[in-house]
Amino acid sequence: MEFTVEQIALMLNGEIKGDKSLKVSQLAKIEDGTEGSISFLANLKYEHFLYTTQATAVIVDKTFEPKKEYSPCLILVENAYSAFTTLLQEYQKILANQKKGIEQPSFISNSATIGEGEYIGAFSYIASNCKIGKNVKIYPHVTILEASIIGDDCTIYSGVKIYPNTHIGNHCTIHANAVIGADGFGFAPQADGTYQTIPQLGNVLIEDYVSIGANATIDRATIGSTIIREGVKIDNLVQIGHNVEIGKNTVIAAQTGVAGSAKIGANCMIGGQVGINGHINIPNKTIALGQSGISKAPNKEGTILSGTPATENIDYLKTQALIRKLPATEKRLREIENKLKSNE
Amino acid sequence: MEFTVEQIALMLNGEIKGDKSLKVSQLAKIEDGTEGSISFLANLKYEHFLYTTQATAVIVDKTFEPKKEYSPCLILVENAYSAFTTLLQEYQKILANQKKGIEQPSFISNSATIGEGEYIGAFSYIASNCKIGKNVKIYPHVTILEASIIGDDCTIYSGVKIYPNTHIGNHCTIHANAVIGADGFGFAPQADGTYQTIPQLGNVLIEDYVSIGANATIDRATIGSTIIREGVKIDNLVQIGHNVEIGKNTVIAAQTGVAGSAKIGANCMIGGQVGINGHINIPNKTIALGQSGISKAPNKEGTILSGTPATENIDYLKTQALIRKLPATEKRLREIENKLKSNE
Amino acid sequence: MEFTVEQIALMLNGEIKGDKSLKVSQLAKIEDGTEGSISFLANLKYEHFLYTTQATAVIVDKTFEPKKEYSPCLILVENAYSAFTTLLQEYQKILANQKKGIEQPSFISNSATIGEGEYIGAFSYIASNCKIGKNVKIYPHVTILEASIIGDDCTIYSGVKIYPNTHIGNHCTIHANAVIGADGFGFAPQADGTYQTIPQLGNVLIEDYVSIGANATIDRATIGSTIIREGVKIDNLVQIGHNVEIGKNTVIAAQTGVAGSAKIGANCMIGGQVGINGHINIPNKTIALGQSGISKAPNKEGTILSGTPATENIDYLKTQALIRKLPATEKRLREIENKLKSNE
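Going down the list, the protein sequences come from chains A, B and C.
Read in my numbering, the first sequence has 331 at position 321, and its numbers run on one by one without any break.
Read in my numbering, the second sequence has 31 at position 21, and its numbers run on one by one without any break.
Read in my numbering, the third sequence has 113 at position 103, and its numbers run on one by one without any break.
Think of the hints as simulated: they come from the structure by calculation, not from any bench.
Copies of one chain are not kept apart here, so a pair can be met inside one copy or by any two copies together.
SDA-like mimics (lysine to any residue), calculated; alpha carbons at most 25 Å apart, straight line:
#: 1; residue 1: Lys30; residue 2: Thr73
#: 2; residue 1: Lys147; residue 2: Pro174
#: 3; residue 1: Lys33; residue 2: Tyr91
#: 4; residue 1: Lys306; residue 2: Thr321
#: 5; residue 1: Lys77; residue 2: Gly24
#: 6; residue 1: Lys27; residue 2: Glu41
#: 7; residue 1: Lys39; residue 2: Lys273
#: 8; residue 1: Lys258; residue 2: Thr313
Next comes chain A alone, as it looks inside the complex:
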């Protein structure tokens, strides 16, 4: 796609300094700008790039005053950073809306219903009694099994696998090859050392505005639902066990695992590679730093946790400092021992 500088200035409510007929077709960082690209300058730390960039146009704050010669056409706006973000979002929307219709071959059960504005990629599979909302984009190689419900304005990327009876709200995004609703890991030990599979008959319930990363896995509940509340953001390769509940607007970074029946509060921030024990109840606004291992829940909201086993971060830092001092401690101890010996 190609836009004139004028079109973009109109979209951003900006003022043009330069040739309004210039055309741009891609977005770039100011230091990487090439002909045909548009960039932005928000932080004056990067001002020097304006004087060397090959970008065709640069969005700047309207208060900005250049100190040297520059070649790009400028678009002056209230706030260059947020204007550029707006531009990114508009561009994304345009791209997303280009995908329309049902590609063939695809496999859609007669009993499935699909709202208008849909995109169904080739080789997608929608089983019986599924209900797909409006403006849903389903990329190739998605499997949606029986009686699953997907709300409006969702995007399901390639290779996502959704087990039966999954409920997904509106405005959700699920990235490629994520698996929603596989069996919880439940096996009953038998007297002979073998394990019997405990049937997993619950489902996964995902509310609105949830984002789930590539290759993440969310197991369905044994009975009842594994629940992902409104606004939750889950990164790539995260594991959510059966019967877990993740509270509203909680964010979980990559490769973290939440064991079965844990309940995580709202507005928590969980770092990458964190492990959370089963059957514990993490309060709202808890912050868990990367790689921490949470075996017990903190007893108040807003606690910052780190380490394994996780403790309050401030205690962790003190302990780490003392651990680093162990060689000195050892030396002091030996000195005392020597002194006492020589005193004898």
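Using the hints, position chains B and C against chain A.
Just chains B and C now, kept in the frame of chain A:
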């Protein structure tokens, strides 16, 4: 599906207290019971839910005596919990057996053989010389490459990718998007800093009653076989390296990684996010707690390991207690130093 | 496939001791050798297997002198180990080249271009404006989205998902169900506790001779490119965040995560389950041991790191030794206290 209370009581060998013609169509926890659902009461801690639940029917122990009015129809059985489990399993079997036949389009080589009772989902790919047993359910988007063998009564969920020459036993379940048989991670360092790929020509051998989680990866051997013994249960996102052998009935929780050529004994329980070094030999019945990092194998069966580097859990707990006491230790040391100073 | 011992000796420039007309059809470890298999003996530690193996042929160093009777035909070469590796590679090449042509049904946009020597598996999806080089093997269920470029001699295994605008060099291998180019994990916190999605409009750039493991995820950049340099080898289930750059010939083992905007130097060796913080700059030749958590970059090349938070391995080992001595330290401290008390 819908059943009458009478049908269910017959299946469970139970006695009915209430209207035997009532119909139920789903399973629920007693506190979540709605009209049309059946639940159970096994632990009297939850007895109060019986008096408020909207469930149509509730399975109870035949020794149970209600203390208040209740609305559901009761089904009295020997053991309510195990009766409910039986119900879950029967329900699961009914669901599973509904899937039958070969959906189109699918891609099945002429030289592949498939036993009776099969389900092959649309867009599945079965390459030449594969042998698929009886009653095997292969969901959409599965790839099974050349000369792989799958036993009877297996379920292979959507998107599973099986590399050539993989051997899978009977009664196995592989969850969505798991990858069986990718290249082991083997590269020979060259003088110029680059790496040459070491061809990985072995395979993966999976015995009977094995379960493998969603998005798990099991690499094939360089030469010979990566072996998963009978009854092993592997959770989501687990990594099994090349030439690893996992002993009978060992259970491995999510996101654990086992490096190349490690051998894990039988009846071990490995927690989540555990790392196991290559080329070590873990004895039978070892228990590794979550996030532990096992660089050396314990020297006897039944050891409980934790921490990184992993030690016996009892030592780990002692050490952790002493680490938590480090601030106090520091204080004691300073007091001694002060005392000695003032004594001088 | 079947070869005579003579054909193999020719390929390896070896000399035959035995019946050159014998036929072999598989490769095996010497201890597992069965009739029809060929093996090798490089390390004399395994010499005893030569006298018991059922292998039809065994490759040995030409300096090797057997001490007992043996049954296999021998092939004498300069270096048995490297000859066997050559054999593995040749075998692999033959297998790979058997895959040719475009299987149906597949979905290839009219505007996509594909070089000669291609294999496109059934149910593969190649979107508009993609450019695929020569001798590229694309297995079933691969999705390659708009305007992506793949160089010559690449192998893309089943179920790999490639987002739009991804650039992949020559001689790359991507294993099953890996996801290249999903959204970076970028969300701007709002005053009301919700998060706004930050559009991710960059791409992923992968240079030549890169290998990426099964179920690995490499996010695209917010703006600009996430870059994987020439010769990088990435294992299964690894997470590479947005705007990361991985330097030439760096090797990353399974389940490691690299957070957004981190830059890793050339020729590094990163172990399994390592966590690397965002926005840090790891120097060339850094070695990170398994499960380490790198929050700060080391300040010189070639540093060996371990532990969380990661320190130089030599310091880590000292600290670990002192931690193990804590019970003894506690005892010494108590003795001193008692002595001082009794002196009072």
